[in-house]
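**Student:** Here is how the chains run, residue by residue.
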Amino acid sequence: MIQVTIDDKTLEVEAGTSIVDAAKSAGIFIPTLCHTDFLEPEGACRVCSVEIEQNGRFQVVTACNYPIRGELTVKTASERALATRRTVLEMMLARWPQVKVVRDLAKHLGITEPRFAHPQKNEDPHACILCGLCVRTCREGVWQNVLGFEGRGASRRVVMPYDGVAPECVGCGACAFVCPTGAIQMMDDPNHPADAARIRRAGMVVTKEMVLLDDDQCKMRRAGTAHLVEIMNDYDLLPVNNYRFGSSDDAHKISSPHFVKRFTQNIQDGCALGCDMACAKGSDDFEITTGPDKGKRVCVDGPEYETAGGTTNMGIFDPEWCIEMNYYCDHYGVDTISYCTLMAFVMECYEAGVLNKERTGGLELPFGAADAAMEVLHQMARGEGFGLVAGQGVRRMKKMFVADYGADPDFLNDIGMESKGLEYSEYVTKESLAQQGGYGIALKGAQHDEAWLIFMDMVNKQIPSFADKAEALHYFPMWRTWFGLMGLCKLPWNDVEPTDNAETDEPAKVPKHVAGYCDFVAGMTGQEVTPADLIRMSERVYNFQRIFNLKMGFGQREHDRIPYRSAGPVTATEYESRAERYDKQLAEEVDFDPAGKSTDEKCAALRTWREDRYEKLLDAVYERRGWTANGIPTLTTAKALGIDKMDGLVDLLTANGAAQ
Amino acid sequence: MALTVNGEPHPFREGLTISALMQEKRFSYPLKTIFVNGARVDRKAQDTTLLSDGDKVDVIHLMSGG
Ligand code: SF4
Ligand code: SF4
Ligand code: FES
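Line by line, the protein sequences are chains A and B. Note that my numbering has the first sequence beginning at 1, numbered continuously upward. Note that my numbering has the second sequence beginning at 1001, numbered continuously upward.
Here chain A stands alone, though its shape is the one from the complex (with noise of 0.2 Å):
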C-alpha cells in the first residue's frame, strides 16, 4: 500500500490506483471529461489536471491515468492545476460554446465567455468535442472497433472507416449511449421500442461489467464456456465413460488453455449480434484428418464446454479430436451433445458385451476408442453400417439391444443416458438430487438448460429440503423460460454478476440483472413489469407446454423418470470410486450400517433409497407448480393462468384426472 495525500487528506491506495480513484475513494471530486470507470483512461481532455508533489519536484498531471507508485501530495484546486483546466475549458468553450458539458465545467471554474475567438467555432449543442469516449467504448467494450479519429488538429474527427458506415457497425448504440454531448444519433429502430436509452441504459450494465469483471469471473471472452472443462473436474462433474466417474487425471490433457492457443477469433461473435459476452469461439485453420474433408484446412466454430465434456464422457482426453467432431458434427448437422452421449452410451455396451466387432461392422469400440468413434460419426453421415445404428439414439438402440442381442433391458435402462429420448448433456449430476429433477423433468428432455443447481444443491447445500429443492425447480425453469420466450441468451444473466451481488437477498437470482430485464422489456414494450410478472409470463407458457406434451404423449409423471446412473452407482466400481461418500450417506442418511457388506448390497440399499428420494422431489415439484400427483397441470392451475380457453384443454385435462 502506498499513502498518498490528497489536499487535506491522507490515505492508503494499492500501487496503480489512479489519482481520480483514489481522490473519489477519499470523496474528493475532481472533474473529468475524456475518462469513464468502465475503459482504459487516455488522458485527452486534461479537464481532470491536478499537481502533484513527489520527491520535491512539483507537476501538474492528469488524474485519470496517472497511477500512483509512490509516496505523492497531490493539489486539486492549486493555482496551477486550476490555471491550466482553466485554459483547456476556455479553448473548449471558444471552440464548443453552445455544448452543455463544456459550459458546464467551464462555469464550474467561473469562466461564462472566453477571452479569445476560436477559428473553428462550432455553435452546434451536439457538437462532436473529440473525447475518444466512443471510440474507446466500440473497441474496448464492445469489441467492434469500428470507430477512430481522422485527421490531424483543428479537422480531426470521428469516422467509421472509409468515413462510410461499416458493416461491422452492430448498431449496440453503446457510442450513442456514452457520448457526453448527444452528437451521435442512432438512426430509426426498426423495432421501434418505446424506450431505447432505457434498453441501453440496462445493456450498459451487462457491457461495463463484462470489460471490468469477466477476466476475474468467467473468462467468456477469452475462454468462453471451455473454461468449464477444468473446473467441472475439480467438483467431480466432468462426464467420463458414459457418467460413471465425474473427473480423470487425464483431464488436463483437454482443458481450457488448449482450446484458448487454438481460438483465433476472439472478436465479437455472431452468434448475437451485438453481445459483449462475445462467449462463442472458433479455431481457425485447423487441418483436419479424417473423413471427406481430410488434408483440408477449415474453421471450426467451437468447442464449446458440452463437445468436450462429451469427448471426455468416451474416455477421449485428445482436443485436436475434439475440434475435429465438432467440425463434422457441425457439418454433418448433427448435435455434438447428442452424438458424444450416445457414443458413451455405445462404447459402455462395447465393453459389456452388448455389442462387439461383429456387431459394430469390426469398429471395436472400447471407451477412449477416438478412431473407430469418429468413423461411427462419418458412417452415420453416409447412413452405413453400425451408423444406421448409432444415429438412432440411445432410446431406440435400447430397444434394439434387447430385441437383437438379448442383452438385459434392465442394465441398458440404467445406463442409457436419455430421458424423453433426448440424450443427456454433459454433467455429472448422480450427487445432486435437485439436478437430477432439472434433468428428469425439463419439457424437452434430459437436459440441463431448464435449471443447474448443482451448486446450489451440492456444494453450498442451500437448497436441504425437498420443499427448497421444489421451489429451486421452479423458480429456475420458469425464469430460464423466459429468455427462451423473449429469444434472449441466458448467459449474460449470470455469466458475469455485479460485484455487490453477494450482498443481495437472493444472489443465485442476481436481483440486479434481473432488474435490468424488466428494464428492458419495459423499454421494448412500454408497459412496466416487475420481476414476478417475467415468472408469469413463462408460467403461462411451460404449463401450456407441459400440457401440449401430454396431447403427444409424453407429459406424465412416467416420462420424468431418469436413468439410475444420473442418480447413483450402477456398478460396483462407480461405487468403489466414491465409496468413501456412499458408505457414509448409507450410515448417516439411510441408516444402513456398510461395515461389513458386499459392495452390491451397498448399492441396492443405497438405490432403494435414492430412487424412494427422486420420486419424493417429483411430488414436491409437481405440488409446488400446482400439478397432478401424476404431473399434469389442474384444471385450476390452468384457469389462474388464464390458458383454460384453447381447444379441447378441458378435455384433455379431464379425460387425464386433472380437472380438479
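Heads up, some of the hints might be wrong.
[What the hints assert, rightly or not] Partial list, derived from the structure: chain B residues whose beta carbon lies under 7 Å from chain A:
1. N1006
2. P1009
3. S1028
4. Y1029
5. T1033
6. H1061
7. M1063
8. S1064
[What the hints assert, rightly or not] In silico DSS-like pairs for lysine-lysine, Cα to Cα no more than 25 Å straight-line:
9. A/K219 x B/K1044
10. A/K399 x A/K357
11. A/K24 x B/K1044
12. A/K208 x A/K512
13. B/K1025 x A/K461
14. A/K261 x A/K296
15. A/K107 x B/K1056
16. A/K208 x A/K490
17. A/K616 x A/K461
18. A/K509 x A/K461
19. A/K597 x A/K584
20. B/K1044 x A/K208
21. A/K208 x A/K253
22. A/K461 x B/K1032
23. A/K645 x A/K597
24. B/K1025 x A/K253
25. A/K208 x A/K219
26. A/K107 x A/K121
27. A/K490 x A/K219
28. B/K1044 x A/K584
29. A/K208 x B/K1032
30. B/K1025 x A/K584
31. A/K24 x A/K100
32. B/K1032 x A/K512
33. A/K219 x B/K1056
34. B/K1032 x B/K1056
35. B/K1056 x A/K461
36. A/K490 x B/K1032
37. B/K1044 x A/K512
38. B/K1032 x A/K219
If you are wondering where the hints come from, they were derived from the structure by calculation, not from laboratory data. Even for Gly, the Cβ is constructed at its ideal location relative to N, Cα and C.
Given the coordinates of chain A, work out where chain B with the ligands should sit on it, guided by the hints.
**Tutor:** Okay, now just chain B with the ligands, sitting in the frame of chain A:
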C-alpha cells in the same frame, strides 16, 4: 481440530488461509462468495485471511452457464 466447510468437517491446521482452503477443497470455480462465521470475506483478502480452529466457512458458488 476441524473447520466446518459448507456444513462438512474439514481438517484445520495453523496458518491455513482461505485461498489455501479453497485449493484443498478444489473449489476452483471463480464466481463464489466466502463467509467465515457469517461475515463475508473480500476477494482481495482471501490470500491473507487466516482461519481459526472451529471456524464455520460457507462458500457460496453462484450458478453460471447455459
Ligand atoms: S453502434 Fe456499437 S458497434 Fe456501432 S459504432 Fe457504436 S459502439 Fe460501435
Ligand atoms: S462523438 Fe461524442 S463520444 Fe465520440 S468523441 Fe465526439 S463527443 Fe466524444
Ligand atoms: S478526464 Fe483526464 S484527461 Fe480527460
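**Student:** Please go over all the hints and tell whether each is borne out by the structure.
**Tutor:** Hint by hint, here is what the structure shows:
| no. | hint | verdict |
| --- | --- | --- |
| 1 | N1006 | holds (5 Å) |
| 2 | P1009 | violated (11 Å) |
| 3 | S1028 | holds (5 Å) |
| 4 | Y1029 | holds (5 Å) |
| 5 | T1033 | holds (4 Å) |
| 6 | H1061 | holds (4 Å) |
| 7 | M1063 | holds (5 Å) |
| 8 | S1064 | holds (5 Å) |
| 9 | A/K219 x B/K1044 | holds (18 Å) |
| 10 | A/K399 x A/K357 | holds (20 Å) |
| 11 | A/K24 x B/K1044 | holds (20 Å) |
| 12 | A/K208 x A/K512 | holds (14 Å) |
| 13 | B/K1025 x A/K461 | holds (15 Å) |
| 14 | A/K261 x A/K296 | holds (20 Å) |
| 15 | A/K107 x B/K1056 | violated (56 Å) |
| 16 | A/K208 x A/K490 | holds (17 Å) |
| 17 | A/K616 x A/K461 | holds (18 Å) |
| 18 | A/K509 x A/K461 | holds (16 Å) |
| 19 | A/K597 x A/K584 | holds (13 Å) |
| 20 | B/K1044 x A/K208 | holds (21 Å) |
| 21 | A/K208 x A/K253 | violated (34 Å) |
| 22 | A/K461 x B/K1032 | holds (14 Å) |
| 23 | A/K645 x A/K597 | violated (58 Å) |
| 24 | B/K1025 x A/K253 | holds (22 Å) |
| 25 | A/K208 x A/K219 | holds (14 Å) |
| 26 | A/K107 x A/K121 | holds (19 Å) |
| 27 | A/K490 x A/K219 | holds (16 Å) |
| 28 | B/K1044 x A/K584 | violated (36 Å) |
| 29 | A/K208 x B/K1032 | holds (20 Å) |
| 30 | B/K1025 x A/K584 | holds (18 Å) |
| 31 | A/K24 x A/K100 | holds (24 Å) |
| 32 | B/K1032 x A/K512 | holds (17 Å) |
| 33 | A/K219 x B/K1056 | violated (30 Å) |
| 34 | B/K1032 x B/K1056 | holds (16 Å) |
| 35 | B/K1056 x A/K461 | holds (14 Å) |
| 36 | A/K490 x B/K1032 | holds (19 Å) |
| 37 | B/K1044 x A/K512 | holds (23 Å) |
| 38 | B/K1032 x A/K219 | holds (14 Å) |
Violation of the numbered hints given earlier is confined to hints 2, 15, 21, 23, 28, 33; the remaining hints are satisfied by the structure.
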